[in-house]
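Work out the full structure, taking the sequences as your base and the hints as a guide.
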Amino acid sequence: MKKSVTFIALLIFLLAGCNTNKTTEQDMKNLPDLSAQTALILVHGTGGSTDTFDGFSDVFIDDYHTSNERIKLHIGTDGALTYHGTFSKKALHPIVQIGFADSIDASITQQAIWLRLAMEDLQKKYKFAAFDGVGHSNGGLVLSTYAQKYAKTAPTLERLVAIGSPYNDLDPDDNKGDLAFTDVPKATPLLQKYENNRAKINSDLLVLSIASNIDDGSFSDDIVPVLSAFGSRLIFKNEAKAYLESYYKGEEYDHRTLFASPDIQKKIAWFLYEYPGDKKEISLAKN
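Count the sequence shown with mature numbering (1 follows the signal peptide of the UniProt record, and there is no 0) and you get residues -18 to -1, 1 to 269, in order.
Just so you know, these hints were derived from the structure itself, not from any lab.
This structure is a prediction, so every number in the text was calculated from the model and none was measured.
Just to be clear, a hint being listed does not mean it is correct.
Claimed, not checked - No farther apart than 20 Å at their CA atoms in a straight line, the calculated lysine to any residue pairs in the SDA-like style are these:
hint	residue 1	residue 2
1	K223	L187
2	K72	A162
3	K223	A181
4	K106	E51
5	K248	D103
6	K71	E7
7	K106	I95
8	K223	S185
9	K231	D160
10	K71	S17
11	K158	E140
12	K231	A162
13	K182	K158
14	K182	K219
15	K219	S185
16	K71	K131
17	K249	D40
18	K219	D165
19	K261	S185
20	K11	K109
21	K268	D245
22	K231	F201
23	K131	D186
24	K4	D103
Here it is as structure tokens:
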């Protein structure tokens, strides 16, 4: 009998722990007005989840102290939003880790539409007027599509960071060249679409594009060719207020873990919270 009671108590404890993961409707009442804060939106790449950027946001909260609170927001294929956590009125640069239910088969455009649903709801709940976005791999493409498709909608995307994002897809033959390139050998339909919509980009947008080369002769981060990642220059260079590139070379800069690199995290923190962005600037990676 004692064992049964112990088991039931343990089961209740575990179930209670599971229930705390999902924020209830009651929790979402009387949320603070955070209109004075710029949210930091983190968007994962293919196959990621709301947990992908855990380590990244830990650094920004615990080490850099640029933020002090985070929540996670899961977006279903039907657009349903599931919140994990709430912000307090003391939130500083509050972090939202986005998670798509389908980031494998869903198109970049579809994911951007889902992200828009999330941003509309975040604005409604917390009154955000502006946000910064950091995207890894396809997450950077989602934010770039958002920057074109929803440039004139609130909340305003102010700073965009793309980490190893394949603007010209993954074929090495389409991305041969060096860092001095002014065009790619072959622009894929993806890149062509971005180029065709350049005029829609907010002229006040600040962009940091990050690419890496694992130095194995492939001139790539093991997945994304460097020229594809810096295909961003063909999109943002003459449209955004500031367009900066940051290039990393070495076997430690593998595509899968770029956002976990201390060097890259430091660069992103500088761009988001120290770079003034008060004048027109273009800074391209050099050979």
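How the hints compare with the structure:
no.: 1; hint: K223 x L187; result: holds (6 Å)
no.: 2; hint: K72 x A162; result: violated (45 Å)
no.: 3; hint: K223 x A181; result: holds (13 Å)
no.: 4; hint: K106 x E51; result: holds (19 Å)
no.: 5; hint: K248 x D103; result: violated (30 Å)
no.: 6; hint: K71 x E7; result: holds (18 Å)
no.: 7; hint: K106 x I95; result: holds (17 Å)
no.: 8; hint: K223 x S185; result: holds (5 Å)
no.: 9; hint: K231 x D160; result: holds (13 Å)
no.: 10; hint: K71 x S17; result: holds (10 Å)
no.: 11; hint: K158 x E140; result: violated (32 Å)
no.: 12; hint: K231 x A162; result: holds (16 Å)
no.: 13; hint: K182 x K158; result: violated (28 Å)
no.: 14; hint: K182 x K219; result: holds (13 Å)
no.: 15; hint: K219 x S185; result: holds (11 Å)
no.: 16; hint: K71 x K131; result: violated (31 Å)
no.: 17; hint: K249 x D40; result: holds (16 Å)
no.: 18; hint: K219 x D165; result: holds (12 Å)
no.: 19; hint: K261 x S185; result: holds (11 Å)
no.: 20; hint: K11 x K109; result: holds (14 Å)
no.: 21; hint: K268 x D245; result: holds (18 Å)
no.: 22; hint: K231 x F201; result: holds (9 Å)
no.: 23; hint: K131 x D186; result: holds (15 Å)
no.: 24; hint: K4 x D103; result: holds (17 Å)
The structure fails to meet hints 2, 5, 11, 13 and 16 from the earlier list, while all remaining hints are met.
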